[in-house]
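Please construct the entire structure, taking both the sequences and the accompanying hints into account.
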Amino acid sequence: MIYEQKQIITVLGKQIRAGESCELTFGVANLHTSSSVDVPVIVERSKKPGPVILFTAGIHGDEVNGVEIVRQIIAKGINKPKCGTVICMPVINVFGFVHLVREFPDGRDLNRVFPGSRKGSLASRVAYKLTKEVLPDVDFVLDFHTGGSKRFNAPQLRLIKNSPELEALAKVFNPPFILYSRNIKKTFRNACTRLGKPMLLFEGGKSFHIDSQVTNTGVNGAKRVLKHFNMLASKFKTSNPTKNPVFIDKSRWQRASFSGMFKPVAKINTYVKKGEVIGNITDPYGKFNHFVKASHTGYIINVNESPIVYQGDALFHITVKLKD
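250 is the number that our numbering gives to position 250 of the sequence shown; each next residue is one higher, with no gaps.
Errors might be hidden in some of the hints.
Okay, the calculated beta carbon distance ranges per label pair [claimed, not checked]:
{"id": "1", "residue 1": "VAL277", "residue 2": "HIS32", "range": "46 to 56 Å"}
{"id": "2", "residue 1": "SER234", "residue 2": "LYS273", "range": "39 to 49 Å"}
{"id": "3", "residue 1": "LYS48", "residue 2": "GLU133", "range": "42 to 52 Å"}
{"id": "4", "residue 1": "THR25", "residue 2": "LYS273", "range": "24 to 34 Å"}
{"id": "5", "residue 1": "LYS293", "residue 2": "SER36", "range": "53 to 63 Å"}
{"id": "6", "residue 1": "SER36", "residue 2": "LYS250", "range": "23 to 33 Å"}
{"id": "7", "residue 1": "LYS273", "residue 2": "LYS14", "range": "52 to 62 Å"}
{"id": "8", "residue 1": "ARG118", "residue 2": "VAL320", "range": "19 to 29 Å"}
{"id": "9", "residue 1": "GLY275", "residue 2": "SER21", "range": "52 to 62 Å"}
Here are the computed lysine-lysine pairs in the DSSO-like style, where the Cα-Cα straight-line distance is at most 27 Å [stated by the list, open to error]:
{"id": "10", "residue 1": "LYS321", "residue 2": "LYS82"}
{"id": "11", "residue 1": "LYS263", "residue 2": "LYS274"}
{"id": "12", "residue 1": "LYS274", "residue 2": "LYS237"}
{"id": "13", "residue 1": "LYS267", "residue 2": "LYS321"}
{"id": "14", "residue 1": "LYS80", "residue 2": "LYS274"}
{"id": "15", "residue 1": "LYS274", "residue 2": "LYS48"}
{"id": "16", "residue 1": "LYS171", "residue 2": "LYS76"}
{"id": "17", "residue 1": "LYS14", "residue 2": "LYS48"}
These are computed hints drawn from the structure, not numbers from a lab.
All C-beta atoms, glycine included, are put in the ideal place defined by N, C-alpha and C.
Right, here's the structure in full:
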């Protein structure tokens, strides 16, 4: 894959020449106290030609593990390429991040309002600014997310089907699992796809939590992708994967048959067989103990870590069909 060197790229209205580095401010609105809320956007450009890669996280304010991955990419200097350009946005939804909540102050999910509107809601304006002022010169996007509250996701990449370029890059990243997932309307991923900007979406861990294994998977995957484009500085090394990723066509949630205190037994990433005991639900009084058995055979890619569950709650996300 060959990319033309863009001698000048424009990010947030600033022209940046090859070989230049800068920290820009992604600002949309102040807090209600009139205090400014500015999101740093770190741009590192090499003099040598190469692609423009964008690393993003924090579209949901409570997904701190993704923020930690991009933070480490910056702190370790991984974002300083030997060719091409790396743009890092560690926290897009800074309003949610300040309060550790998923949504914007207007109650909207930023990942459901793309490509946004210049005169719309606050979330919509942020989506618009990102789409119009950051994405135009980008060639490839890696967006880091985290599982929902109390639901721990195995490290995984999500991509659309029938995209050989994305499949190849997903294999380079080498997470434990690669899920085929359709684009949802008005998401950041869908907006990037429509603009011809290939995106890999990373999921791992759970909200309000930083997990070192998930973080390492994200950082190491980013390094492998940069090395693939010959962008990774020679001082950084990448580990050779010991296992190939598992491609997943379909998966299904197994839900609680009873309400009570929940304790998972099966670990994340493990392969379970139908009928195998994977957890149990009890009452607080020691009178009831229900063994949760796997409804079907597959890999466990998400575990509910809440100690209390109600009938119908999702307990385990288990693969149904692997890629042939």
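Each hint, compared with the structure:
In this structure, VAL277 and HIS32 meet the distance hint of 46 to 56 Å, their C-beta atoms being roughly 51 Å apart. Separated by about 46 Å at the C-beta atoms, SER234 and LYS273 satisfy the suggested range of 39 to 49 Å. Range check, LYS48 to GLU133: Cβ separation about 25 Å, and the 42 to 52 Å hint is violated. Evaluation of the 24 to 34 Å hint for THR25 and LYS273 yields a failure: the beta carbon distance comes to about 53 Å.
Checked against the hint of 53 to 63 Å, the C-beta distance between LYS293 and SER36 comes to roughly 54 Å, which is consistent with it. One distance hint, 23 to 33 Å for the beta-carbon pair SER36 and LYS250, is violated here, with the actual separation near 46 Å. The given range of 52 to 62 Å is respected by LYS273 and LYS14, whose C-beta atoms sit roughly 56 Å from each other. As the Cβ distance of ARG118 to VAL320 is approximately 42 Å, the hint placing it in 19 to 29 Å is violated.
Judged by the Cβ atoms, the range 52 to 62 Å given for GLY275 and SER21 holds: they are separated by roughly 57 Å. Between LYS321 and LYS82 the CA atoms are separated by roughly 40 Å; this puts the pair beyond 27 Å, and the hint is violated. Only pairs whose Cα atoms come within 27 Å are accepted, and LYS263 paired with LYS274 is accepted, the gap being roughly 19 Å. Of the supplied pair hints, the one linking LYS274 and LYS237 is violated, its CA atoms being roughly 41 Å apart against a limit of 27 Å.
Using a Cα cut-off of 27 Å, the hinted pair LYS267 and LYS321 holds, with the two alpha carbons roughly 19 Å apart. Simply put, LYS80 and LYS274 have alpha-carbon atoms about 48 Å apart, too far for the 27 Å limit, and the pair is violated. The hinted pair formed by LYS274 and LYS48 fails the criterion: a straight-line CA distance of about 54 Å is larger than 27 Å. Pair hint LYS171 plus LYS76 holds up; C-alpha atoms about 24 Å apart against a cutoff of 27 Å.
Only pairs whose Cα atoms come within 27 Å are accepted, and LYS14 paired with LYS48 is accepted, the gap being roughly 20 Å.
Checked against the numbered hints above, the structure breaks hints 3, 4, 6, 8, 10, 12, 14, 15 and satisfies the rest.
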